[in-house]
Structures are given as C-alpha cells and as structure tokens.
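Enquirer: Chain residues, written in single-letter form:
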Amino acid sequence: GAVVSQHPSWVICKSGTSVKIECRSLDFQATTMFWYRQFPKQSLMLMATSNEGSKATYEQGVEKDKFLINHASLTLSTLTVTSAHPEDSSFYICSATGLGQETQYFGPGTRLLVL
Amino acid sequence: ILNVEQSPQSLHVQEGDSTNFTCSFPSSNFYALHWYRWETAKSPEALFVMTLNGDEKKKGRISATLNTKEGYSYLYIKGSQPEDSATYLCALKGGSNYKLTFGKGTLLTVNP
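Chain order of the listed sequences is Y and H. The letter at position 110 of the first sequence is residue 110 when you use the working numbering, and the numbering goes up by one with no holes. The letter at position 109 of the second sequence is residue 1109 when you use the working numbering, and the numbering goes up by one with no holes.
In short, the hints are calculated from the structure, not lab data. Careful: at least some of the hints might be erroneous.
Claimed, not checked - For each label pair, taking beta carbons as the anchor points, the in silico distance ranges come out as:
1. H:Asn-1029 / Y:Gln-42: 17 to 27 Å
2. Y:Ser-18 / H:Ser-1018: 26 to 36 Å
3. Y:Ser-18 / H:Ser-1027: 17 to 27 Å
4. H:Thr-1040 / Y:Thr-80: 33 to 43 Å
5. H:Ser-1018 / Y:Lys-66: 39 to 49 Å
6. Y:Met-45 / H:Thr-1040: 12 to 22 Å
What the hints assert, rightly or not - Heads up, simulated SDA-like pairs for lysine to any residue below, C-alpha to C-alpha not over 25 Å straight-line:
7. Y:Lys-41 / Y:Pro-8
8. H:Lys-1059 / Y:Pro-108
9. H:Lys-1042 / Y:Gly-61
10. Y:Lys-41 / H:Glu-1005
11. H:Lys-1069 / H:Thr-1019
12. H:Lys-1104 / H:Asp-1017
13. H:Lys-1042 / Y:Ser-83
14. Y:Lys-66 / Y:Thr-78
15. Y:Lys-14 / Y:Pro-40
16. H:Lys-1104 / Y:Gln-38
17. H:Lys-1099 / Y:Pro-108
Since the model is a prediction, treat every value here as computed from it, not as a measurement. We put the CB at the ideal spot given by N, CA and C, even for glycine.
Extracted from the complex, chain H is given alone in its bound form (with noise of 0.2 Å):
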C-alpha cells in the first residue's frame, strides 16, 4: 500500500499571499504524480501531471516541482485569491499496480 501524504491539512492566507503545500510520497517506483483542485460541489479539476525528477510545471498562478529521488512535490499558489480556495489533492501513480493513490488534500482558504 503506498503511502501519500499531504501537509499542511488546512491553509487559511490573505488575498495577495503566496502560499505553498507538500505533498509527499514514496520514491520507489515513482511513474506519475497528479495534482488537482477540487472545489465543493464541483469535479476535481486536472492540474498537473509530472513524471521527471526535477521537472517544474506552471498554470497561471499555479506552479508545481517534483523530486522523485527524495520523494515530494511542491503546488506553489502566487498571489492568491479568494476563488483559489480549494481542496488540493495529490496522486501518486507508482508501485506495482500503476493505480492513482490520493492524499487526503490540503484545504486552502483564501480570505478576501
């Protein structure tokens, strides 16, 4: 069973902060790692999907690194603002079975 996990669980930053969260894994037999945003009420929407060590992917605001040798990956948020709230979620594509594993998120609150 793979392991993933997400810090912090919960994020409250003013509009205008940047802001970033971890997201950690096991980096034996790393193949993909997903981020997505998940608003309530909503399909979580597609992020990012990064699979080099090393490899940096931006969408806006929104950025993301990824260390497959020391197992984690980092969401950067710049700037902030409040329709940015969200859960964040993590997925590590990897192990024998190549099946998504989540983390539990992190909950992100931008005050305006």
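Chain Y extracted, bound-state conformation (with noise of 0.2 Å):
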C-alpha cells in the first residue's frame, strides 16, 4: 500500500518552454502532498506544501509564479515549471500524506534537463 507514481520520469526541453510533472496516489487519498527538488550532492529542499483543494504554501526562495502547483483532487498534483531555464535543471520529486499519517510516501522523481 502507499504507492506514489510520478511522470514523466525524466525530460528534456528548451529554454523558456515549461514542464509539467504529475504526482498521483495510487491507493490512497493524499490529503497533503509535497514538493521537494535535490540538486547533485545536496539534500531534497521543499520546495511547497499544497493541501487537497487550497493553494500550494511556498518556501522562502521559490517563486510561485514560476513554479505552479495544482492539488485539485485527492489524487493528483502537478507541478509546473514556467518558462524553464537551464538553472532549473534538477530532480524534483513529490511526496503524500493522507489525512492524519505522519509518513510521508515518495513518488520516484522526475529528472528535469533544460536546455
């Protein structure tokens, strides 16, 4: 139980294009799910909170208006990234809670490369 999928699992694009991963619960209903990003040697930074239904709480540093995160349902969210450059070459990776779970469930990632 408590799988998370993510997609694409990696993806490559131009300069100024933007890039949407999705995160889904596959068996569960994620009251709360979160977005993380890892740069090489780093550790995952949170980037954003998003609650089922409400808007996504940011991180001191991450722009909202470029990264744009929707949890429209109990199963999905998605991550936008607007007009990518070549910085926001990373991993991003989703996690989920359901309604009082302290766990956090992880999606697989997905690899970002911009050219």
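Join these two chains into a complex; the hints should help.
Expert: As structure tokens, this is what we get:
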C-alpha cells in the first residue's frame, strides 16, 4: 500500500518552454502533497506544500509564479515549471500523506534538463 | 534553518558485515525523526518514524535508535546483504514549521 507515482521520470526541454510533472497517489487519498527539489550532492529541499483544494504554500525563495502547483483532487498534484531555464535543471520529487498520517510516501522523482 | 547531518557520507561493507550510521540534528523543538531507504531509480521507502526519546524500532535486519536530548539517531543493519545497498536518508520534523528537513544521506554499498 501507499504507492505514489510520478510522471514523467525524465524530461528534456528547451529554455523558455513549460514542463508539467504529475504526482499521483495510487491507493490512498493524499490530503497533503509536497514537492521537493534536489541538486547534485545536496539534500532534498522542500519547495512547497499543497493541501487538496487549497493554494500551495511555498518555501522562502521559491517563486510561486514560476513553479505552479495544482492539487485539485485527493489523488493528483501537478507541478508546472514555467518558462524553464537551464538553472531549473534538477531532480524534482513529490511526496504525499493521508489525513492524520505522519509518514510521507514518495514518488520516484523526475529529472529535468533544460537546454 | 534546521541542520541535519548524516555520517558517514558513504560506506562500503562486505556481505555479512553489520554496520551503522548516524543522523545528528538540533535537539530543540523536536517532533519526529524519519528514516528512509532510497534505491537508485526507485521511490524512497519509509523505514521508521521515531518520536520518543530512547525509542528503538526494528524492521527485519534494520533497526534504529533515537536520542532526542543529545540530538542523534543511529541506524543499524545486521548481516548486510547486497540488496541493502542504497542511500539511507534521515529527516527531522521539528522547529516552528514542522516540515521535514533532510540530511544528505549515507550511501551504503554492500559487496558480495
């Protein structure tokens, strides 16, 4: 149980384009979803927290207009990187928790390369 | 900003060896300590959530202890197997915002 999928697993795009990443909870209702980013040799860094049906809460230094997060249902959250630039190239990974759960269940991540 | 440190950064052991590594964190405002096991190209797998000082949890050959007063947790693997090769992450839930702050992980390689 508690499986989270994430698509795509990797994506290459041109600078200036937008990229959408999907995060789905397959066998539980995810009341809260989290988006993290990891640069090489660094730790997972929280970008934003989203509760189903509400606007996402962004961490300090994360541009909400650049990283659009939608959590419209209890099983799906999306992260859209708008007008991507090479410095946005990174590993993006989502996690999800159900109501009252402490454990965050992670997807496998998406590697983004912006050329 | 919470500082979560993991040591060593990487570790090579032989099959059958027992091993352990450390997660250090600020002891103030502690709420919970999470351990994850992350194999390449897979999702991080939740191992333990620890909340009480002195707590010890076990899952098969893997166990973990927690000392919230001095700010550290140990993860132990008994009789390491090649399939234990992975990055082991710890994450602290504490401070004013109760979000997970991750360490950089310990990369374990078990040689057959």
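Enquirer: Each hint should be assessed against the structure and marked as holding or not.
Expert: So, going through the hints one by one against the coordinates:
1. For H:Asn-1029 and Y:Gln-42, the Cβ-Cβ distance of about 23 Å falls inside the hinted range of 17 to 27 Å, so the restraint holds.
2. For the pair Y:Ser-18 and H:Ser-1018, the supplied restraint of 26 to 36 Å is violated, since their beta-carbon distance comes to about 49 Å.
3. Between Y:Ser-18 and H:Ser-1027, the C-beta spacing of about 43 Å breaks the proposed range 17 to 27 Å.
4. One distance hint, 33 to 43 Å for the beta-carbon pair H:Thr-1040 and Y:Thr-80, is violated here, with the actual separation near 27 Å.
5. Restraint check, H:Ser-1018 to Y:Lys-66: a C-beta distance of roughly 46 Å satisfies the suggested window 39 to 49 Å.
6. In this structure the hint that Y:Met-45 and H:Thr-1040 lie 12 to 22 Å apart at CB holds, the actual value being about 20 Å.
7. Restraint check for Y:Lys-41 and Y:Pro-8: satisfied, since their Cα atoms lie roughly 22 Å apart, inside the 25 Å limit.
8. Taking the CA atoms of H:Lys-1059 and Y:Pro-108, the gap is near 22 Å; set against the 25 Å cutoff, the hint holds.
9. Using a Cα cut-off of 25 Å, the hinted pair H:Lys-1042 and Y:Gly-61 is violated, with the two alpha carbons roughly 28 Å apart.
10. Using a Cα cut-off of 25 Å, the hinted pair Y:Lys-41 and H:Glu-1005 holds, with the two alpha carbons roughly 13 Å apart.
11. For the suggested pair H:Lys-1069 and H:Thr-1019, the alpha carbons sit about 24 Å apart, so the restraint of at most 25 Å is met.
12. Annotation: proposed proximity of H:Lys-1104 to H:Asp-1017 holds, straight-line Cα distance about 23 Å (limit 25 Å).
13. In summary, the hint linking H:Lys-1042 to Y:Ser-83 is not supported, as the alpha carbons are separated by about 28 Å, beyond the 25 Å threshold.
14. Among the hinted pairs, Y:Lys-66 with Y:Thr-78 is consistent with the structure: their alpha-carbon atoms are about 13 Å apart, no more than 25 Å.
15. Our distance criterion of 25 Å between C-alpha atoms is met by Y:Lys-14 and Y:Pro-40, whose separation comes to about 21 Å.
16. For a cut-off of 25 Å, the pair hint linking H:Lys-1104 to Y:Gln-38 stands: about 10 Å separates their Cα positions.
17. Between the alpha carbons of H:Lys-1099 and Y:Pro-108 the distance comes to roughly 20 Å, so the proposed pair stays at or under 25 Å and holds.
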